[in-house]
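Enquirer: Sequence:
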Amino acid sequence: MVSQSSSVGYTIMGKTADLTVVQKEEGKTQKVIAKEAGCSQSSVSKHINREAKGRKRCDRKKCTSNRDNRTLERIVKQNPFKNVGEIHKEWTAAGVSASRTTTHRRMQDMGFSCIPCVKPLLNNRQRQKRLAWAKDKKDWTAAEWSKVMFSDESKFCISFGYQGPRVWRKRGEAHNPRCLRSSVKFPQSVMVWGAMSSAGVGPLCFLRSKVNAAVYQEVLEHFMLPAADQLYGDADFIFQQDLAPAHSAKASSAWFRDHGIPVLNWPANSPDLNPIENLWGIGKRKMRYARPKNAEELKATIRATWALITPEQCHRLIDSMPCRIAAVIQAKGAPTNVSWSYRTSAVLWITELLLEGSHSLALGIS
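For the sequence shown, full-length UniProt numbering begins at 1 and goes up steadily by one.
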């Protein structure tokens with residue numbers, strides 16, 4: 001919307017003046033007009049071009065009625081995983097005369113999106129256990145959660161696939177080597193174990209083989225215990241782990257009993273409750289612009305990125321635990337809408353990028 005109540009006296013939405021005349025007769029640039037009108041330059045440019053070409057908004061009657069649109073909405077809701085072609089075929093079979101493009105447009109007008117969120121599969125028993133666990137922990141304060149050391153494993157690949165950034169290129173530069181995203185059939189990857197608390201992060205462990213109970217106990221002995229000394233000193237803490245077979249094995253449970261370390265009971269398939277998942281996401285987003293050529297360079301990049309994570313970031317993520325538990329209770333044990341968690345991690349990531357400075361340049365991050 002472009003408007004001006006002073007001597008210039010022009011608007012765009014009301015079309016009380018022709019900005020083309022203002023531009024030609026008064027010799028004003030689009031930038032000056034936009035500044036005087038209090039709008040963006042693109043709004044002025046679009047209006048001037050539309051007036052110059054004589055283009056007006058089309059008021060043609062839509063080819064589908066409200067009843068037809070309700071039929072389409074019912075078809076989409078019956079099976080939301082059908083593609084546009086299948087939905088269009090079923091809609092036209094119901095007696096509606098519309099093109100495939102119109103079908104797609106009507107679905108967009110109704111607010112339907114085509115990208116599903118990926119969530120862990122939870123059966124009814126697991127949902128009930130998640131709900132019971134959340135209700136049991138709903139009165140825990142942020143101070144109590146600060147006594148918990150969260151742990152997890154994550155896989156890092158040299159090629160991050162669709163997690164990578166877009167590329168700005170001109171026409172004809174599609175095959176320019178600097179504009180290509182390389183892909184391989186079997187990209188090199190490393191499995192990493194890490195731990196965090198409200199005080200910061202512990203040392204990383206790069207796992208060289210499949211994790212069984214014996215390997216996991218080695219990780220606990222040589223990485224978890226030093227991390228506990230680093231993050232808690234002589235203070236008591238509670239260790240968190242998921243229900244992976246190596247974690248819940250009898251030998252691993254015996255190891256914790258022998259070392260006198262309490263383990264937090266944890267519901268199955270619940271990554272939305274673990275704040276360290278956000279740290280993995282932050283790290284992988286920072287590594288988008290790094291291009292390691294082999295596994296050793298990948299490890300070095302992961303170590304450098306992990307070292308940039310601040311105690312303030314970890315503290316804010318631990319403080320989100322009461323909100324995560326409330327979300328599970330509200331969802332009655334179902335997978336939660338963790339968009340707030342992603343927004344939190346995104347804000348932390350952007351803040352860290354602004355503060356990194358020379359560290360980002362050293363990693364090749366722009």
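Don't read these hints as lab results, they were simulated from the structure.
It cannot be assumed that every hint is accurate.
Okay, derived cross-link-like pairs now, DSSO-like style, lysine-lysine, Cα gap no bigger than 27 Å in a straight line [what the hints assert, rightly or not]:
| no. | residue 1 | residue 2 |
| --- | --- | --- |
| 1 | 299 | 155 |
| 2 | 147 | 61 |
| 3 | 61 | 28 |
| 4 | 155 | 89 |
| 5 | 138 | 332 |
| 6 | 147 | 170 |
| 7 | 137 | 210 |
| 8 | 284 | 210 |
Cβ pair distances, simulated, as ranges [claimed, not checked]:
| no. | residue 1 | residue 2 | range |
| --- | --- | --- | --- |
| 9 | 82 | 258 | 38 to 46 Å |
| 10 | 238 | 110 | 33 to 41 Å |
| 11 | 82 | 208 | 16 to 24 Å |
| 12 | 262 | 118 | 26 to 34 Å |
| 13 | 207 | 256 | 16 to 24 Å |
| 14 | 238 | 117 | 27 to 35 Å |
| 15 | 311 | 249 | 41 to 49 Å |
| 16 | 85 | 157 | 42 to 50 Å |
| 17 | 119 | 295 | 26 to 34 Å |
| 18 | 82 | 119 | 16 to 24 Å |
| 19 | 208 | 85 | 25 to 33 Å |
For each residue, glycine too, the CB sits at the ideal point set by N, CA and C.
Enquirer: For every hint, state whether the structure bears it out.
Expert: Checked hints:
Between residue 299 and residue 155 the alpha-carbon distance is near 11 Å, which keeps this suggested pair within the 27 Å criterion. With a C-alpha separation of about 64 Å, the suggested pairing of residue 147 with residue 61 is violated against the 27 Å cut-off. Restraint check for residue 61 and residue 28: not satisfied, since their Cα atoms lie roughly 38 Å apart, outside the 27 Å limit. With a CA separation close to 42 Å, the supplied pair residue 155 and residue 89 exceeds the 27 Å bound.
For the given pair, residue 138 sits about 13 Å from residue 332 by alpha-carbon distance, which is consistent with the 27 Å threshold. Among the hinted pairs, residue 147 with residue 170 is inconsistent with the structure: their alpha-carbon atoms are about 53 Å apart, more than 27 Å. With a C-alpha separation of about 33 Å, the suggested pairing of residue 137 with residue 210 is violated against the 27 Å cut-off. A threshold of 27 Å between alpha carbons decides the hint, and for residue 284 with residue 210 the separation of about 22 Å falls inside it, so the pair holds.
A C-beta distance of roughly 55 Å is found between residue 82 and residue 258, which places it outside the suggested range of 38 to 46 Å. Separation of residue 238 from residue 110 is about 47 Å and departs from the stated range, judged on CB atoms against 33 to 41 Å. A C-beta distance of roughly 45 Å is found between residue 82 and residue 208, which places it outside the suggested range of 16 to 24 Å. In this structure the supplied range 26 to 34 Å holds for residue 262 paired with residue 118, their Cβ-Cβ distance being about 33 Å.
Look at residue 207 against residue 256: about 19 Å separates their beta carbons, and that is inside 16 to 24 Å. Restraint check, residue 238 to residue 117: a C-beta distance of roughly 30 Å satisfies the suggested window 27 to 35 Å. Here the CB-CB span from residue 311 to residue 249 is close to 32 Å, at odds with the stated 41 to 49 Å. Against the hinted window of 42 to 50 Å, the Cβ-Cβ separation of residue 85 and residue 157 comes to about 33 Å, which falls outside the hint.
Between residue 119 and residue 295, the C-beta spacing of about 31 Å keeps the proposed range 26 to 34 Å intact. Between residue 82 and residue 119 the Cβ separation comes to about 20 Å, which falls inside the hinted range of 16 to 24 Å. One distance hint, 25 to 33 Å for the beta-carbon pair residue 208 and residue 85, is violated here, with the actual separation near 47 Å.
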